[in-house]
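Chains A and B supply the protein sequences, listed in that same order. If you're matching positions, the first sequence starts at 100 in the numbering used here and goes up one per residue. If you're matching positions, the second sequence starts at 23 in the numbering used here and goes up one per residue.
Hints listed in this document are in silico derivations from the structure and should not be mistaken for laboratory results. All C-beta atoms in this analysis are idealised placements derived from N, C-alpha and C, irrespective of residue type, glycine included. Heads up, a few of these hints could be off.
[To be verified] If you only want the chain B side, here are some residues facing chain A, beta carbon under 10 Å, derived: (1) L136; (2) E268; (3) G271; (4) R277; (5) T319; (6) V356; (7) D369; (8) S388; (9) S399; (10) I401.
[As the list claims (entries may be wrong)] Cross-link-like lysine to aspartate or glutamate pairs, in silico, DMTMM-like; alpha carbons within 25 Å at most: (11) K373/A x D163/B; (12) K397/B x D375/A; (13) K373/A x D326/B; (14) K397/B x E312/A; (15) K373/A x E311/B; (16) K59/B x E253/A; (17) K128/B x D220/A; (18) K373/A x D354/B; (19) K59/B x E312/A; (20) K248/A x E259/A; (21) K397/B x D220/A.
One letter stands for each residue in the lines below.
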Amino acid sequence: MSQHTAPTTPDDEGNTAPDTMVQVRDLKTYYEGGGLFDDRPVKAVDGVSFDIRRGETLGLVGESGCGKTTLGRTLIRLEEATDGEVLFDGTDITALRGDQLYEWRQNAQMVFQDPDSSLNDRMTIGEIIREPLDVHDWKTPADRRKRVKSLLDEVGLSPEHYYRYPHQFSGGQRQRIGIARTLALNPEFIVLDEPVSALDVSVQAEIINLLEELQEEFDLTYLFIAHDLSVVRHICDRVAVMYLGNIMEIGPTEELFTDPANPYTHALLSAIPKPDPTASRDRITLHGTPPNPRYPPTGCPFSTRCPARIRPDEHENLDDEVWDGINGLREIIRERMRADRSIRERVRERFGLETRFATIDETYDELFGDLSVPARVERVLAEVTDAAGDHEEREALDRLNAEFGSACDGVDPDGGDDPVEPAYYEVSDSGRLSYCHRHADEHRETAAVIDDRS
Amino acid sequence: MAADERSAAAAAATEESRNDDPLIDVRNLQTAFFTDKETIRAVDGIDFQIDSGQTVGIVGESGSGKSVTARSLMGLIESPGRVLRGSSVRYRDLDAVREFAGTFPKRTVAVEELDARYDPAEVFGETDATPGEFGYADPADVPVVDVAAAGYTDEVGITDGDECVFVLDGDAGSPESIRDGFVEITRLSGEAQRKMRGGRIAMVFQDPLTSLNPVYTVGNQIEEALELHQGLSGRAATQEAAELLEAVGIPDARRRVNEYPHQFSGGMRQRAVIAMALACEPDMLICDEPTTALDVTIQAQILDLIAEIQESRDVAVMFITHDMGVIADVSDRVNVMYAGEIVESADVEPLFADPKHPYTNGLLDSIPGGQVGDKLSTIDGSVPTPNEPATYCRFAPRCPKAFDECEAVHPVPTPVDEESEDHTAACLLYPDDVPTEEAVARHRGRDRRGDRE
């Protein structure tokens, strides 16, 4: 098993390199904090690298807030990248300015999620689809009208819809209009941001079929952003799984679905309800919600919820329920550290009055009340809750990390002071990559660990 | 009250009142919206039952009438919409019947008493009522209670329009003596309506942000429900609110009760809404797309939570969704809705293993999965808006199996074959163990609404 720090797409069998269209290298998009004191940026996309091949559909999946839409928008310059490169056929588009950018924009288009809000209600369908042609001053007005009519035909609407308004159309038809507008300038690359999430399942099927036909006809390359994994499995050649601004796993769709390598992919796939009541329901239910991207955890981004987190050797045999309690305690302390504390509360605290924060002992009882906790662990936890009770949340977390942390939490196994991050490991012959410490030779594989712990 | 005490009490209460009857019995429910332009028959004559402790799923595309069904049960239909005469939704929990009979003696009526005043010829002669809609051929056979619950006796003065508790067995004057009866949900109003809604039946909506008030803390809002339905206030209410939040899996609940909805994540908000629904210890929970706005991992948490609550508190759940995967996961029984009607109804396993109605088949086939790279099968056309009482099959224009009679005969729910009494489909092809002409004839004879309104 080889280790990559900067993942690259391996060559296919034979000597011809796959025809790469987009190369993304260590791309970061941060939203700067607006506060007076707290200017930590929101790290929406936090250093991703991948390739998109010409003519393929790359799926981008993840929970809301993981940065998938920001990534899609950054690729076509609807957001400014903070750092890194996006190379379209070798040109770094993050550096394009003025006329060059204007020219390039014809090449990359986007279909939006909500067909209700992405069409201007006061414009006719003809005007909406013609707008990109007008903006780019495409041929003559008569040619434009002809082009719009042929586009309407292309997406399964009829030319007489030209003079109608968006409210006269159903959700599926509106999405067709959005797609026609996208195609107006003959782009090569289209970002599809949840194009079917707002549609009923039978309509969704029609739009997916349409997208597939258009791809074939016009040689389009798609970045398909979605949270519905069954749709992704149907339409995508390769899939990238995102979590908290990072790509956790990327590889060929079928392989990734049947044999996921990353613990997050495991959890995500097991959470999809299957339309089969006899299917086994051994889903992995993740605790809590993804962390705030303004305060990502140190180490692996998924460490706070990971079902296969590496545990330090001396606590390897600790009861799973105690581990759940420890993780719960860590989450609560992390949250308290960030919770806004009003002036009133600070004053109350100063005078030793009860505040809404003064309940850590109860929380402890809730988490560990009916569990048998080994003496050593109990001693550490007592120190942690004491520190948290005194509002020394930082100290409490450090104490927790020192005792129960592992590489996943950024603790350097070699004793270094700098937090360590996972690396991308190649997990199959097809060049699938996964971002997880579990793939290092000294650790057990994900699937076995998840089995043991569930 | 601690959670386990509460569930023990709930279990004891259901033990006492449990009988073979379903908790909720929906009969010929019709809800329509009247506008200047058109009448929209959003729910058009549906029947289903929910047993206590059971989860009944309602699935369909947007516009099929799922949410209007839920709102009709909650008494949340607002003008220009109303539940039409002829509809009946019976709430059969004995405990509730006694409570309502005690609180609203003037609105309680014994069926024997009605019988004395009842003349079938008068009712069926002077109102729109037809014996067919109650499933009888001869007006004389129709029980007075059916006619009264459906509201027809108001017009001829047998009832005065206010009665909502019907006592079938026992003395209407003394609640303890009641052994059988029901509360008629479609006839509730005022105080009785409020007692049922929230107190007995609670609802969880799709978007948790719109069901929470942004200017009050989450604790406040749960306390409000506790005060209204359980008379708790002050510290006791705060304590109970924190316990409810804890029961729905919100960590650090004591701190969280003082936070505002915007400080909660999407999944947490939905948990808070569920806590609010549980505040009044309902017998039934209506969940209207409770996970549609959530991510799959959070959806999994909420589905687990609902299943857990159902188990520990023995509540009946009506679960509305458009997601076939979620339906398969949560339901015991499934009703498939299309254009205001239930087109197929079955226990969850047979429904997915052997779907009968062409629409159910179409829905299941259009879900991606299994056929990678292939074209997805679709259902041509779109869901029609039902404006007129159906005199034909509403799915026929989109149906791959439609034949001539589909345009002329309105199909009614029919067992799909002799062995499956429990699996019904509203399609002229069924029952499939008799020749098609014979099947069509059976549907033709049983239409309940064809000649009215």
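Checklist entry - With 10 Å as the cut and Cβ atoms as the points, is I401/B at the interface with chain A? => result holds, 4 Å
Checklist entry - Between K248/A and E259/A, does the CA-CA distance stay at or below 25 Å? => result holds, 8 Å
Checklist entry - Within 25 Å, alpha carbon to alpha carbon, are K373/A and D354/B? => result holds, 15 Å
Item to check | Proposed interface contact between S388/B and chain A, which counts if any beta carbon pair is under 10 Å | outcome: Holds, about 4 Å.
Next on the checklist: A closest beta-carbon separation below 10 Å is what the hint needs, so does T319/B meet it against chain A?
Outcome noted: holds, 5 Å
Item to check | Pair hint outcome, K397/B versus D220/A [Cα-Cα no greater than 25 Å] | outcome: Roughly 32 Å separates the two Cα atoms, so the pair is violated.
Next on the checklist: K397/B and E312/A were given as a pair; does the straight-line alpha-carbon distance stay at or below 25 Å?
Outcome noted: holds, 9 Å
Checklist entry - Given S399/B was flagged as interface, is its beta-carbon under 10 Å from a beta-carbon of chain A? => result holds, 7 Å
Next on the checklist: Given the hinted pair K397/B and D375/A, is their Cα-Cα distance within 25 Å?
Outcome noted: holds, 21 Å
Item to check | Straight-line alpha-carbon gap K59/B to E253/A, limit 25 Å | outcome: violated, 34 Å
Checklist entry - Taking only the CA atoms, is the gap from K373/A to E311/B under or equal to 25 Å? => result holds, 17 Å
Checklist entry - For the pair supplied as a hint, K128/B and D220/A, is the alpha-carbon distance within the 25 Å limit? => result This hinted pair is violated, its Cα atoms lying about 54 Å apart.
Taken one by one, the earlier hints fail for this structure at numbers 1, 11, 16, 17, 19, 21, listed in ascending order.
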